[in-house]
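Visitor: Make a model of the complete structure from these sequences and hints.
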Amino acid sequence: MKTYYLLIILLLGMTFACSQEKKEEEKEFKHTPEMSRRLEESHQQWLREHSRWVEEHRKYEELFQRLRNTYLETANPPAASFDSLSRALQKTIEEHARVLSDHVVRLDAHGETVLRHKKKEVDDAYAQKKEEKFKKQHQDLLKRHDEMLKHYEEQLQRLTEMIKEAGGTPPSMEEIDRELQGQAVPSDSTP
Numbered sequence: 031m032k033t034y035y036l037l038i039i040l041l042l043g044m045t046f047a048c049s050q051e052k053k054e055e056e057k058e059f060k061h062t063p064e065m066s067r068r069l070e071e072s073h074q075q076w077l078r079e080h081s082r083w084v085e086e087h088r089k090y091e092e093l094f095q096r097l098r099n100t101y102l103e104t105a106n107p108p109a110a111s112f113d114s115l116s117r118a119l120q121k122t123i124e125e126h127a128r129v130l131s132d133h134v135v136r137l138d139a140h141g142e143t144v145l146r147h148k149k150k151e152v153d154d155a156y157a158q159k160k161e162e163k164f165k166k167q168h169q170d171l172l173k174r175h176d177e178m179l180k181h182y183e184e185q186l187q188r189l190t191e192m193i194k195e196a197g198g199t200p201p202s203m204e205e206i207d208r209e210l211q212g213q214a215v216p217s218d219s220t221p
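Each step along the sequence shown adds one to the number in this note's numbering, with nothing skipped, and position 57 is 87.
What the hints contain is simulated information worked out from the structure, not anything from laboratory work. Incorrect hints may have been included.
What the hints assert, rightly or not - The calculated lysine-lysine pairs, modelled on BS3-like cross-linking and capped at a C-alpha distance of 30 Å, are: (1) Lys-149 to Lys-60; (2) Lys-194 to Lys-180; (3) Lys-121 to Lys-166; (4) Lys-148 to Lys-159; (5) Lys-60 to Lys-180.
To be verified - What follows is a set of in silico ranges between Cβ atoms, one per label pair, in the way DEER data are often shown: (6) Ile-39 to Glu-162: 45 to 55 Å; (7) Gln-74 to Ser-114: 16 to 26 Å; (8) Thr-199 to Gln-120: 44 to 54 Å; (9) Ser-111 to Thr-62: 34 to 44 Å; (10) Val-135 to Arg-67: 43 to 53 Å.
Beta carbons are placed, not taken as given, at the ideal position from N, Cα and C, and that holds for glycine.
Guide: Laid out in C-alpha cells, this is it:
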C-alpha cells in the first residue's frame, strides 16, 4: 500500500513539474506585433540609407571619372603625382564598395531576423538582442561610410587643384556639391 501512495505522489509531482516547465516555456516565448513593427521599420530605414549610400558612391565614381578625363585633356603630359592620386582614388572607390557589400550582408541577416520573427520562429528577446547587434554593426558601417566620404572630399580637392595647376578650369566646389546632391548645375554659357 505504501508503494501505491508513493507511486501516486511521484506521478503527481512529475505532472506538476511538467506543467510548471510548460508554463515557464510559454512565459519565455513572448512575441508581440510591436516588436515586428519596430524590426520592420528599422529594416526599411536601413534599406533607404543603403540606397542613398549606393547613389552617393555612383555619383562620386562618375564625378571622379569626369574630372580625371578633364585633367588628362588639360595636362600634357600628366604629372607623376596624377598616377599616385588615381591609384588612391581607385583604392577609395574599391574600399567604399566593400563597405557597401558588408552593409548588404548585414541587411540580409537583419532581414532574416525580421522574417523569422514575423513567422514566430523567434521571440522578442532574441529579436531584441539581434536588433541591438545589428544597430551596432550599422553604426560601425555608417562611420566607415562617412570616412570614405571624407576621403572622397580630400581627393576631389586635390584633383581640382591639379586641374588648375595644369591650366584647366575645374568646376568649383559649390558646383561639385550641387552635382553630388542631385541639383542641376547652372551652365556658364549665356544665350
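Visitor: What hint numbers does the structure not satisfy?
Guide: Hint check: 5, 7, 8, 9, 10 fail, others pass.
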